[in-house]
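If you read the sequences in order, they're chains A and B.
If you use this note's numbering, the first sequence corresponds to residues 1 to 723, in order.
If you use this note's numbering, the second sequence corresponds to residues 724 to 988, in order.
It is worth saying that the hints were derived from the structure and are not from the lab.
Here the structure is a predicted model, which means the values were calculated and not measured.
Please note that the accuracy of each hint is not assured.
Among the chain A residues that face chain B by a calculated CB cut under 8 Å, a handful are [what the hints assert, rightly or not]:
#1 K73
#2 V89
#3 Q92
#4 S93
#5 V95
#6 Y165
#7 I218
#8 S224
#9 S227
#10 P255
#11 T605
#12 A609
#13 Q610
#14 Q620
#15 N634
#16 A667
Virtual Cβ for every residue (Gly too), placed ideally from N, Cα, C.
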Amino acid sequence: MTHYITRRSFLKLSAAAAGTLAIGQLLPPMVAQAATDAGLLNAHGDGYIPSMCEMCVWRCGLIAKVKDGRVVKLDGNPDHPHSKGHLCVRGQSGVMNTYDPDRVLDPLIRVGQRGEGKFRIASWDEALDLTANKMLAIKDTYGPEAMVFSSTHNLSQPQFENILYAFGSPNYGTQRSLCFNAMIVANLMTYGMEEPERIYDDQLEYVILTGRNLMEAISTSETSALSDGIARGMKVVYLDPRFTKTAAKATEWLPIKPGTDLAFHLALLNVIVTEDLYNHSFVNDYTVGFEHLAQEIETYTPEWAAPITEISAETIRRIAREFAAAAPHALAHNGWRTSNFINSFHTQRAITILNTLVGNWNVALRASGGESSSALGAPPQPPYPRSSAQRLDGVPSRYPVVPLKLGVFQELRESILSGEPYQAHGWFISRQNPVMSLPDRARTLAAFEKMDFIATVDIIMNDTAWFSDVVLPEASYLERYDPLSPVGDRVFLRQPVIEPQGNAKSALWIYKQLGERLGLGDYFQYEDEEDYIRQQLAPLGVTLEEVRSKGYAELPPADDPGFEWNTPSGKIEIYSETLANVNFPAVPTWQAPPEPPQGQFYLLTGKVAQSTQFGTQNNQLLHKYSDEPRLWINNNIAAERNLADGDWVEVTSEVGQVHIHLQVTPAIRPDCVYLPPGYGHLSKGLTTAFGIGASDSVLHVTYSDPISGSQALSQTFVTVRKA
Amino acid sequence: MAEHSKSPRYGFLIDASLCIDCRSCMVACSVENKVSMDSTRIWIKETGITGNYPDLKRFTAPYHCMHCKDPSCVSACTVSALTRTDDGIVAYNKDICIGCRYCMYACPFEVPNYEWDERFPLVVKCDMCFSRLEEGQQPACAATCPTNAIRFGRYETMLAEAHRLITEHPDKYVQHVYGETENGGTATLYISPVPFEELGFPEAGTTSPAYSNRLVTEGTPMVAGAMLVGLSGTYLTIKHLKEEAAKERQEAEQTKASHTEEDGK
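Excised from the complex, chain A in its bound form (with noise of 0.2 Å):
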């Protein structure tokens, strides 16, 4: 059974957090300035403000409502294509991100030794002065390439590729190789570009969803129109070795077999061709090296499939069926953190080329010009300086298909490790917490025992700021502004809707404060944040008080790229030309992946409502309205192992180990277990979260998959027995 919330069972808060109830009534109010000059806040300080969501990366419009100088409330903004009016479970916990009692409000220093938690307050001045200094004895001794830069996927990362690129660094680790990677890549090679828009109109009539929780893994409006859609009779068919809470909204659950979903979605396009099934138009018109995929899955049949998926030929073979019949109308997710086995690459390519033959590009697919408008300027500055280090990484030797701005973040700390091809010695992190967020936990941290200095950004005391050696506190994201976002036709502002507490700095003010110490100011030609939005503004003939009541902008509207795609081929690429020219195989092919030996289980992860990533599990609302984090095993093999519901298990994988309770449950697979991410933090700086759950990084091996990339995350094969 699962544990839920009743009228009087919540997660206790430690001894340190509990009684601090009363939202942000600790610390004065910070009334926002720029908003009361606009008139957006009367002379109480009470008023609406307009602002953006970052407490997933989805981005929803919000409405800050404001009572004397304070957030009180948080609203979706209705006139953001995420939110369309809602906002989702972390969303509304927003308020308790900004007024959470363990923010870091002042510059911290580091007295103690690494991971002991022993910092001093310290000025901005003399805490960018020894980022600084540091930063540039490492250049002088060893090199730029000596620093490493990490950061994730936040709108204001143009000026963070500023410090690093200018700096002349090559080594940059995101979050994308832990996460989507596979996708990326896939998309790349077939569409030339990183994700296609899906389209939920009311005709959509069947969507195959591979792994894509998008009831526990909300994207607001996505999840709304799935929802929408499920109501009027949509079809919806979900793969996942657990019922999660998509599963028990689908139309049909399959219990794959993890790591097999490449098997199934071959043995789709199997079915589609060998029944001729597929869109003739479409794939002689749009697309190339149809006639290789036809060679290549003319063994992949339903019959091939079944045992290897544990889903029968008959069920493939339907769904194969029923999808192309509803096409165009059809859709085959792609997934959303796609880095699962070393296959997921193929996993990815298929899916895409399975919504290529039913020809749905324009109906439940479109181009997606992403998240940077050409139409808005940019402060000037000069060309970067030419980096001839290799990356540490590995891309593009090693990787040559992966683009640079992905990267790929586990190989990184490898190379840290081995000291090959050169050897790290500083790291500057912003808003990323790789003490979390890699695999294998025990290695980060010796990574980190390799380097002279870290230095990192954010808002709260996260686990790699523990083990820092300076701390930088950000703004909270309603204390701020970012560069602006576009979406769609629209492009939204984030503005403060208090001014930050304690000595917070937005990160755009911190990075322009640290590029003008190293020497880099022209990279950095603004004279505040305002001044920055100004200058992006500037081409669409706004101003930012206009902006600023509203919350958004009018873009001129994009060009429809129609049936042009930015391929090599100029078409969608079912062959890809590129693959083949560095030995990839160019259609996907099978590869079977590795199972856990006798006795052992798969290891999966996924995400939970109520939390992003390793960032909000210390949002005290979160925490309130959370299950217990706890190890989940199906019921009938904890009754032939004899554990029971709530026993305290030891969870062992080849790199680690962790304790924590058991969940006994028929909603998982019996050869899997699964563990809620995102917990076991290391950091006593964060008094709600620490000693809640434990932590999967620990078990979690490291495998990249040899194309794309991507860490495969459930790869990891553990043993569980009574603690």
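Add chain B to chain A, keeping to what the hints say.
Just chain B now, kept in the frame of chain A:
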């Protein structure tokens, strides 16, 4: 009796087929209403995971005050801290509440919650986000629900919509609108793909025990000793009425079921 039964102005329509147990409503409500960290105005009712692997099912629904037409809690409250407004909102005035928790015993839906860890605890319950309504906004839970499992509007509209949905989709919903007749009728209405007992909803009769309560409480003077008598009186009344209600509800469901068959739909 008449003023107690007046039809509510506003109503919720909560659809268990749409709830994904994400708890946005719970957090939205807690922030909007500054609910203390040891309490909640909303919680999740659920079937648990039913069936045998791999044929599994699970349904959930957010659960909060039903806003009865004739609220038992109002009649049980000896100090009138709980009242039913002209709009049909069962409102709570913390400045008057003495923390006696009669309402918690009286409510057939087990709704009023308590600030268990506070030194001077108060009762915690939904007031339809009264202050948001005044500003023309939807209650926080309904406004944010990503799947529209919680809808809010004019009571008549919600009731009509509930009937439209269960009538048009007899294969998808059980043929009962929970709250239409329960406890004499409530402003919060539910529809569900599974019988409400399976979701853990209390069985409530079609009449409110409030009338019987009033016989006890309205004659009770506000003195400590007498309150004790009132409490046991209320408890016994409720216990008796709950047993009756269960029986009554069973009969009603049987009647409904046979009607549906007769209609041949």
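Here is what the structure says about each hint:
Look at A/K73: its Cβ gets to within about 5 Å of chain B, closer than 8 Å, so that hint holds up. Satisfaction of the interface hint for A/V89 is found here, the shortest Cβ-Cβ separation to chain B being roughly 4 Å, below the 8 Å cut-off. A distance limit of 8 Å between C-beta atoms decides the matter here; for A/Q92 the minimum to chain B is near 4 Å, and the interface restraint holds. Using the Cβ-Cβ criterion of 8 Å, the hint placing A/S93 at the interface with chain B is satisfied: the shortest such distance is roughly 5 Å.
Restraint check, A/V95 versus chain B: the minimum CB separation of about 6 Å is within 8 Å; hint holds. Look at A/Y165: its Cβ only gets to about 38 Å from chain B, farther than 8 Å, so that hint breaks. Checking A/I218 against chain B by beta carbon gives a least distance of about 6 Å; that is within 8 Å, so the hint holds. Annotation: interface hint on A/S224 holds; nearest CB of chain B at approximately 5 Å, less than 8 Å.
Interface restraint check: A/S227 against chain B, minimum CB-CB distance 4 Å, threshold 8 Å, status holds. Interface hint at A/P255: satisfied, since its Cβ lies 5 Å from the closest Cβ of chain B, which is below the 8 Å cut-off. At a threshold of 8 Å, the smallest CB-CB gap from A/T605 to chain B is about 19 Å, leaving the interface hint violated. Of the supplied interface hints, the one on A/A609 holds, with its beta-carbon coming within about 4 Å of a beta-carbon of chain B, less than 8 Å.
Hint status for A/Q610 relative to chain B: holds, with the closest Cβ pair at about 6 Å, below 8 Å. The beta carbon of A/Q620 comes within 7 Å of a beta carbon in chain B, closer than 8 Å, and the hint placing it at the interface holds. For A/N634, the interface hint holds, the least distance from its beta-carbon to any beta-carbon of chain B being 7 Å, beneath 8 Å. For A/A667, the suggested interface contact is upheld, since its CB lies about 5 Å from the closest CB of chain B, less than 8 Å.
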